[in-house]
Amino acid sequence: MATDPAAEISRLREQIRYHDRKYYVEASPEITDLQYDRLLGRLKKLEAANPGLVAPDSPTQRIGDQPVEGLEQVEHRVAMLSIDNTYSLDELKKYGQRTAKLVADEPIEWVVELKIDGVAVSLLYEDGRLVRGATRGNGRVGDDITHNVRTIVDVPLRLVGEEIPAVLEVRGEIYMTNSDLVRLNETQRRQEKPPFANTRNVTAGSIRQLDPKVCAQRRLRIFCHGVGHVEELRARTHMEFLDELRGYGLPATPQVECFQSFSAAVEHCERLIEKLHELDFEIDGLVLKVNRFDQRQRLGATSKSPRWLIAYKFEKYEGTTTVKQIHVQV
Numbered sequence: 008m009a010t011d012p013a014a015e016i017s018r019l020r021e022q023i024r025y026h027d028r029k030y031y032v033e034a035s036p037e038i039t040d041l042q043y044d045r046l047l048g049r050l051k052k053l054e055a056a057n058p059g060l061v062a063p064d065s066p067t068q069r070i071g072d073q074p075v076e077g078l079e080q081v082e083h084r085v086a087m088l089s090i091d092n093t094y095s096l097d098e099l100k101k102y103g104q105r106t107a108k109l110v111a112d113e114p115i116e117w118v119v120e121l122k123i124d125g126v127a128v129s130l131l132y133e134d135g136r137l138v139r140g141a142t143r144g145n146g147r148v149g150d151d152i153t154h155n156v157r158t159i160v161d162v163p164l165r166l167v168g169e170e171i172p173a174v175l176e177v178r179g180e181i182y183m184t185n186s187d188l189v190r191l192n193e194t195q196r197r198q199e200k201p202p203f204a205n206t207r208n209v210t211a212g213s214i215r216q217l218d219p220k221v222c223a224q225r226r227l228r229i230f231c232h233g234v235g236h237v238e239e240l241r242a243r244t245h246m247e248f249l250d251e252l253r254g255y256g257l258p259a260t261p262q263v264e265c266f267q268s269f270s271a272a273v274e275h276c277e278r279l280i281e282k283l284h285e286l287d288f289e290i291d292g293l294v295l296k297v298n299r300f301d302q303r304q305r306l307g308a309t310s311k312s313p314r315w316l317i318a319y320k321f322e323k324y325e326g327t328t329t330v331k332q333i334h335v336q337v
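If you use our numbering, the sequence shown corresponds to residues 8 to 337, in order.
Some hints here could point you the wrong way.
What the hints assert, rightly or not - Here are the simulated DSS-like cross-link-like pairs (lysine-lysine), alpha carbons at most 27 Å apart as the crow flies:
hint, residue 1, residue 2
1, K101, K122
2, K29, K51
3, K320, K108
4, K101, K52
5, K282, K311
6, K311, K220
7, K101, K311
8, K100, K282
9, K220, K29
10, K52, K311
11, K282, K29
12, K51, K108
13, K200, K220
14, K311, K108
15, K320, K101
16, K29, K200
17, K320, K100
18, K122, K282
19, K52, K320
20, K52, K29
21, K51, K101
22, K52, K108
23, K51, K320
24, K100, K52
25, K29, K122
26, K122, K108
27, K101, K29
28, K122, K320
29, K122, K52
30, K282, K101
31, K311, K100
32, K311, K29
33, K51, K311
34, K282, K220
35, K311, K122
For the record, the hints were derived by calculation from the structure and aren't laboratory data.
Model the full structure from these sequences, guided by the hints.
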């Protein structure tokens, strides 16, 4: 018997909303990113096939996490959109072909970056001073976490260098190293407390604390990778912007490389995947993005995601392990 599309859509929406709350609000996800993306992908396909069933409150129409009680809400001057993603190499190549057609009159340079598995954040500097840190939230309104951001040693409270923009909003990812998670869990065990499952859970829970002392004890870090609202931006490309960030004293995402063609960028991704186990922090994919800012403007964005970048995720790094049998040896 055929499944009723309306009933299936309703069921998927409830499932996704449940997992959104576990992931964003409680920082205790119950499924992997791959499993979540499959649920969302199924919902997108059903809504595309049944446009009359699309609702404004559907998970496909919104971005990110829900507000945390006790934290002030702040509005982003430039929306913090999500990144479209794929687990398929064929789909990745098709994306490159589509993008090339949209900018058919000139070649595109492509940047490949690590997609840090942490919590997205916006840092706002005015006259070189840090005035606000905020979570992505729903993309337009996020939680004010300035009190916690100021405890992260990587975040300069005042920028250095010359010709600093009067207003500079930087996007980045707050994370914890694997080494620090090991140390933290050793402390948890000594205090007879349960260990943390992974670095992202620790990060998400820490930056939403009302007491900054808790966050300060967690030794969180940050990598900066993007630009929001800015006055007097000199950079014309992403690579130039990352150089500017480093000059201001901000830690830019490491191991970023630029390529003259999409095929070369994809080949680099395939080589890089084999080395990811050497990192001391978790990533959940690689990001391919257009280097030139003027081409980004031409490509624009959908209501949820920019068209000038995509995340390539690896199915072999995602999954659930089931223990079938335990052999006890004495």
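Hints and how they fare:
1. Under the criterion of a C-alpha separation no larger than 27 Å, the hint pairing K101 with K122 is consistent with the structure, at around 20 Å.
2. Proximity of K29 to K51 is assessed by CA-CA distance (about 21 Å); at most 27 Å being required, the pair is judged to hold.
3. Proposed proximity of K320 and K108 is supported: the alpha carbons are some 24 Å apart, at most 27 Å.
4. With a C-alpha separation of about 18 Å, the suggested pairing of K101 with K52 holds against the 27 Å cut-off.
5. About 31 Å separates the Cα atoms of K282 and K311, which puts this hinted pair outside 27 Å; it is violated.
6. At most 27 Å may separate the alpha-carbon atoms for a hinted pair to count; K311 and K220 exceed this at roughly 35 Å.
7. At most 27 Å may separate the alpha-carbon atoms for a hinted pair to count; K101 and K311 meet this at roughly 20 Å.
8. Of the pairs offered as hints, the one joining K100 and K282 holds, with about 22 Å between alpha carbons and a cut-off of 27 Å not exceeded.
9. For the hint linking K220 to K29, the alpha-carbon distance of about 24 Å falls within 27 Å, and the restraint holds.
10. Distance check on the hinted pair: K52 and K311 sit about 16 Å apart at the alpha-carbon level, within 27 Å; holds.
11. In summary, the hint linking K282 to K29 is not supported, as the alpha carbons are separated by about 31 Å, beyond the 27 Å threshold.
12. Restraint check for K51 and K108: satisfied, since their Cα atoms lie roughly 24 Å apart, inside the 27 Å limit.
13. The straight-line distance between the Cα atoms of K200 and K220 is roughly 18 Å, inside the 27 Å bound, and the hint therefore holds.
14. For the proposed pair K311 and K108, the alpha carbon gap of about 21 Å is at most 27 Å, so the pair holds.
15. In summary, the hint linking K320 to K101 is supported, as the alpha carbons are separated by about 15 Å, within the 27 Å threshold.
16. Between the alpha carbons of K29 and K200 the distance comes to roughly 21 Å, so the proposed pair stays at or under 27 Å and holds.
17. This hinted pair checks out: K320 and K100 have alpha carbons roughly 13 Å apart, not beyond 27 Å.
18. This hinted pair checks out: K122 and K282 have alpha carbons roughly 14 Å apart, not beyond 27 Å.
19. Our distance criterion of 27 Å between C-alpha atoms is met by K52 and K320, whose separation comes to about 20 Å.
20. About 24 Å separates the Cα atoms of K52 and K29, which keeps this hinted pair within 27 Å; it holds.
21. Among the hinted pairs, K51 with K101 is consistent with the structure: their alpha-carbon atoms are about 18 Å apart, no more than 27 Å.
22. In summary, the hint linking K52 to K108 is supported, as the alpha carbons are separated by about 24 Å, within the 27 Å threshold.
23. Using a Cα cut-off of 27 Å, the hinted pair K51 and K320 holds, with the two alpha carbons roughly 18 Å apart.
24. Under the criterion of a C-alpha separation no larger than 27 Å, the hint pairing K100 with K52 is consistent with the structure, at around 20 Å.
25. Pair hint K29 plus K122 holds up; C-alpha atoms about 21 Å apart against a cutoff of 27 Å.
26. A threshold of 27 Å between alpha carbons decides the hint, and for K122 with K108 the separation of about 26 Å falls inside it, so the pair holds.
27. A hinted pair counts as satisfied when its Cα atoms are at most 27 Å apart, and K101 with K29 does not qualify at roughly 33 Å.
28. At roughly 9 Å between alpha-carbon atoms, K122 and K320 fall within 27 Å of each other, so this suggested pair holds.
29. For the hint linking K122 to K52, the alpha-carbon distance of about 25 Å falls within 27 Å, and the restraint holds.
30. The straight-line distance between the Cα atoms of K282 and K101 is roughly 25 Å, inside the 27 Å bound, and the hint therefore holds.
31. The hinted pair formed by K311 and K100 meets the criterion: a straight-line CA distance of about 21 Å does not exceed 27 Å.
32. For the suggested pair K311 and K29, the alpha carbons sit about 21 Å apart, so the restraint of at most 27 Å is met.
33. As the CA atoms of K51 and K311 are separated by approximately 13 Å, the hinted pair is consistent with the 27 Å bound.
34. Taking the CA atoms of K282 and K220, the gap is about 36 Å. The hint is violated against a cut of 27 Å.
35. Distance check on the hinted pair: K311 and K122 sit about 18 Å apart at the alpha-carbon level, within 27 Å; holds.
Consistency note: the structure conflicts with the earlier hints numbered 5, 6, 11, 27 and 34.
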